[in-house]
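From first to last, the protein sequence lines stand for chains E and L. Each residue of the first sequence is one higher than the one before, counting from 857 in our numbering. Each residue of the second sequence is one higher than the one before, counting from 857 in our numbering.
Heads up, some of the hints might be wrong.
Any copy will do: because identical chains look the same in the list, a pair fits if it lies in one copy or spans two.
What the hints assert, rightly or not - Okay, derived cross-link-like pairs now, PhoX-like style, lysine-lysine, Cα gap no bigger than 25 angstroms in a straight line:
#1 Lys1204 to Lys986
#2 Lys1204 to Lys1145
#3 Lys1063 to Lys878
#4 Lys1021 to Lys1204
#5 Lys986 to Lys869
#6 Lys1111 to Lys1019
#7 Lys1080 to Lys1152
Keep in mind that the hints were calculated from the coordinates and are not lab data. Note that the structure is predicted; figures quoted are calculated from it, not measured.
There are 2 protein chains.
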Amino acid sequence: MKEIIRSVKPTDKSRQAEIQHKIDLKTKPLGALGMLEEIALKMSMIQASLLPEVGSKGMLVFAADHGITDEGVSAYPADVTPQMVINFINGGAAINAFCRTGGINMSIIDIGVNFDFEADSRLIDMKVRKGTRNFAAEHAMTAEEAEQAVSAGMNAFNMMYDKHKVSIIGLGEMGIGNTTSASAIISAVTGKPAAEVAGRGTGLDDKGLEHKTEIIEKALALHKPDGSDGLDLLKKIGGYEIAGMAGAALAAAEKGVAVVFDGLISTAAALIAWRLNPAIADYAFAGHKSIEAGQKSALQLLGLTPIVDYGMRLGEGTGAAIAMHTIDCACAFMRDMASFEDAGVSEKN
Amino acid sequence: MKEIIRSVKPTDKSRQAEIQHKIDLKTKPLGALGMLEEIALKMSMIQASLLPEVGSKGMLVFAADHGITDEGVSAYPADVTPQMVINFINGGAAINAFCRTGGINMSIIDIGVNFDFEADSRLIDMKVRKGTRNFAAEHAMTAEEAEQAVSAGMNAFNMMYDKHKVSIIGLGEMGIGNTTSASAIISAVTGKPAAEVAGRGTGLDDKGLEHKTEIIEKALALHKPDGSDGLDLLKKIGGYEIAGMAGAALAAAEKGVAVVFDGLISTAAALIAWRLNPAIADYAFAGHKSIEAGQKSALQLLGLTPIVDYGMRLGEGTGAAIAMHTIDCACAFMRDMASFEDAGVSEKN
């Protein structure tokens, strides 16, 4: 695990000018493809190529349960986690529909669900434990479990990579209670108070939101996680699926594969990965703008701007899946569009 | 032409509750798919089906020249219109790259370019005239030409429909000078002064923008187009590609095909179509948020919200092409996602 974390290297900034020059020569007014030009630049840097490509696409959906649900922080019962995993297996969730539409290979990973699933080739069993401990009272996991979950995420990515040779990977999740863990992580890393980063999750009312904020504040005061230490954050206030996504992101970056994060929880995992090795930001895209306030602070630290903003609040990787198509289009213009010279088109007066 | 215009019928609002109910039963918190739920609802209404589908997709790119370029309103020379048409034919433009990526069938229509193209099966020749007249001095086109261009757009759609049985169509354009015509139309229809709707097009500086605004103001004062009359607007201040897109939109709606508009010029065409028959709005999506101020006022009238916002300012249908993937995902969740009951997932506490 530590070897992979160390091996993620920043992209080679010395190539940036050459890549930008190629973008500027395309048959369009300077900058006219807006954000797609930034995406094309980043993909070119990641792949160290003037001909970046989104070939095979992958989506890893990590599922886990959270002891913190004992505190009544979610609008849905914890049973929904395993129920939704079964829904993923049967192809009936939103992320299944989006992956089919986008031609994205999808893996479902049980990294910590509080349920004994029947063996199924469509479910990867990497269960660390049947859910985290209640971090309002004790550490969410042991240090060994945190490392095991990060390693599991790395392995899940490597299985996808070996099988489908993906050049881009989306990271989604399912876990009732996980916006509480994610918000706590974002608060600890950004230094913003819980009240500024916590949101309504799957649908809390005002009273529920107040309670959730209080739980986060108390837990942070109790455990005093080190906001600069990814593993300490996971151990004290994390979730297994968050650890898994962080590990998968680092393993992907190590292989030069672009990583598309999704909403709030996925972005908390990005922060963990970034604390483990800040070079991850060079490989990262923010797929979807969350309606949860916490994401914005996290993305500012990471230097990322969400690709789409559909007011979704589902997680699962749904925003990442849609954003991948935009990244695909950005690479396509970079590869296939003619230059002014090639096409014999006149330049600006 | 007039028969098709008359035949566009509003969608059946009596089905809305039933469709919304189906969306609400899907395995997700209420409203958690945000804008995709609105898109799914609209596609279901358009197709009068609880199982809406984006099957075959089309993109019509209309090209034409503009006499108004004599007034120096564009940052690029008018030669760029035919040069870019040749670029489209050769597959080297951004819209070609995006259509290939999205599996979208693309047609290129010469509806008024000031150039004699060699006959080519990849270019549809529907040229009305070699560019409009300079509407700073005289009407842009005759009434007959306006009707001919609208009819040509209808025919271009019908050719695409007959060949590819599309269920969704994007409308893009190329025409140096056409933001001036589009801004004039938007000003005339919305009643907003030219200074509030005109923008920098392909890249005017402050002085250029001021000049363009003045040209629009003078032309509107000279011709006094009737902002409620689509054909009068086309005749006095229109463009052949704008007329073509309006015609294509109406022909598509008449067949129950969803229409995805693009940036500023495409949105001006939407206004023309809407003045010819307001029911078009029931079939219309705004693909991309334009950085030109005029689009916002136009979309307010039409009741549309842009699907993507990438700060692009290229036209060609580029924003519409990307947005189609989102519409595809919205239909996919509507068709394929399980309900709480089907999946055995618990509902909210």
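A quick look at each hint next to the structure:
Taking the closest pair of Cα atoms, Lys1204 and Lys986 come within 25 angstroms of each other only across two copies (22 angstroms); inside a single copy the shortest separation is 63 angstroms, beyond that limit. For the homomeric pair Lys1204 and Lys1145, the shortest alpha-carbon distance between copies (24 angstroms) is at most 25 angstroms, but the shortest distance inside one copy (35 angstroms) is not. With identical chains, the CA atoms of Lys1063 and Lys878 are never at most 25 angstroms apart, being 54 angstroms at best within one copy and 29 angstroms at best between copies. When the C-alpha separation of Lys1021 and Lys1204 is checked against a cutoff of 25 angstroms, the pair qualifies neither within a copy, at 42 angstroms, nor between copies, at 39 angstroms.
For a Cα distance limit of 25 angstroms, the shortest separation of Lys986 from Lys869 qualifies neither inside one copy, at 43 angstroms, nor across copies, at 48 angstroms. Taking the shortest alpha-carbon separations for Lys1111 and Lys1019, only the intra-copy value of 14 angstroms comes in at or below 25 angstroms, while the best inter-copy value is 44 angstroms. For a Cα distance limit of 25 angstroms, the shortest separation of Lys1080 from Lys1152 inside one copy, 23 angstroms, qualifies, whereas the shortest one across copies, 48 angstroms, does not.
Checked against the numbered hints above, the structure breaks hints 3, 4, 5 and satisfies the rest.
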